[in-house]
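*Asks:* Below are the chains, spelled out letter by letter.
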Amino acid sequence: MAKTDTQTAGAVDPVAHGHSYFDTQARSRDVASLFQQHNQLLLRFLRARLGSEHEAKEVAQEAYVRLLQLDRTGAVSFLRAYLFKVAMNLAIDRLRERTKQPLRAEPELFEELEGSAGPERAAIADEELDLLDIALNELPTRCRHALVLHRYHDRTQREIAAELGTSERTVRSYLVQAMLYCRLRLDGLSAAEADAMVRQ
Amino acid sequence: MNTSSRPRSAHDVQRLRESTEWLIRLSNGAPDGTLDDEELAAWIRWYETDCGNARAFEEMQTLWDRLGLLGRASVNAAAPFEREPAPRPDAPAERNGLRGVLEKFLPSLAGASGRRFAWGSLLAAGALGVCALVALVMMRTPLTLPPDGTLGTGLAENQEAVLPDGSTVALGAHSSLALEYEPAARHLKLTQGQAYFNVAKDKTRPFAVDTGELRILAVGTAFDVRKNDGRVAVTVTEGIVDIITDPPPLGSAGAAPSSRATGRSAPIRVAAGYQLIWDKGASDGRKQILQLSQVDTAGMTAWREGRLEYVNEPLSVVIADVNRYSSRQLLVDGNDLGSLNFTGTILVDSIEDWLAAIQLSFPVNVREGQDGALLIRRHASDEAPAASAIPQPSALRGTPLQRAERS
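Those sequence lines, one after another, are chains L and S. Everything in the first sequence is counted per this note's numbering, starting at 1 for the first residue and increasing by one. Everything in the second sequence is counted per this note's numbering, starting at 1 for the first residue and increasing by one.
It should be emphasised that the hints constitute simulated quantities derived from the structure, not laboratory data. Where is the CB? At the ideal position from N, CA and C, for every residue including glycine. Among these hints, one or two may not hold up.
[What the hints assert, rightly or not] Which stretches of chain S does chain L cover? Using the computed rule of at least three CB atoms under 8 Å from a CB of chain L, they are:
hint: 1; segment: 9 to 19
hint: 2; segment: 49 to 59
hint: 3; segment: 349 to 359
Using the sequences plus the hints, can you model the full thing?
*Replies:* See the structure below:
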């Protein structure tokens, strides 16, 4: 009873509705459900990868399009893995482009947002950026150096390690410390408090 | 995400540290910064298992983005780390840091209106980022139920909630769960549908889920309960639960297994990895069935990701489950599917595929009935399936039924 192997792919006979119409529909549904369930996760991932929300969205969109064109169906778990794989490859392509073409600012994004934030919000953000600015400057030189190379120059941890003459492991620890320190300073901790917590 | 003081515990800081480590692993810079599938999967697991992890990650990512805003335009202007470090905590208004550098090296930005415009925009972008994050966190945080609330879900809608004691529940579609919390006991009633519980440990307050037919008692554990008409399946994914059959009303004798005193049978202990099925038995005189078996618990709880998985489950029960997710109601025509059992996976967003598939693997056909309902009818096994309202074999490529042997 309950045999699941009564059908084989070979026995399937293209009749009536034809493959393409139905498959396209099923695929759209799958992609729609993937989008609902995993889009936030995918965007988080791509933002981490690309360091830009704007680009993350573009790449995610492209990945969904690729998925829609994929010529086979499968379980949702398979599709999710595939989605991330495609997205990762697209992100890698982007980063390669970036090394050829220097990073440009994103004026269109800013224009879009211009005027949509009230003075109050701008004031909060202003204060926060000032504080972040200060926190960055309080970092030990090597720590800051590692963060700047990584964040603004898209250098890999290996490259930074070579430049600083240290191990990748140490570079990672510099980066974690630097980020954590900034976060805690933004929380309102004093330089000394934040420093103590980071060292814990 | 403002600058007011916000105390963080050592635990919180540890979480932030972990988040940062992940963030840095994911963002390993240039094109050759590789990330393998396993690492990605590990991150997703870490991110999804704990709402606190996700929040901490989002927080660090916002900071990461903010750093990008701060330094973006200076990327080609100067390497900021080459400057003299100028820690001036007392003079935040002075543009000494990256922004100072930025304005110095990028005269286009520092032009009279240009500077204002660019900075206003950057700040606006930052502020919106904050708002977006707040909205996201709020959406992601499941509702906390009041101690005497009822949580219900509609058709094809799964929901998650945090219970007042910190336990969490994932409720399947078209399900209903009532809470009757007391100081000394956590009582819940699953009146229909399916729910997966992750129970917060509290030895002084037993956690009891009642389906009418069964009572499941847990201390700190995770389990799934599926209630259909005349059949209840309990799958334990973590820890141990005790199950009482034919329980007395909740609250009367508390949740404690006082069954011996009332002459009822002793509780059945079910450990992680096992499933207990209670079946009232068919009307043909079979007796009530209790069956304990080892199962793939991941499969049994895959409904939370939109996959209904079954092993040897009566087709009628499967159809009742599918009905909780289907926009078109499935009706069994003739009520004679009793002996047919289904093993396989149904994707809740491709129920039509499944309907097409069962017509090939079972002696049933599916036809359009009244009001858009679909009638499932058994025919003699040697009879060819009749013409159907459901897509025929062409639609079957890659349906879940075939997935198993194709891979």
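*Asks:* Now look at each hint and say whether the structure bears it out.
*Replies:* Tested hints:
no.	hint	in the structure
1	9 to 19	holds (count 4)
2	49 to 59	holds (count 3)
3	349 to 359	holds (count 4)
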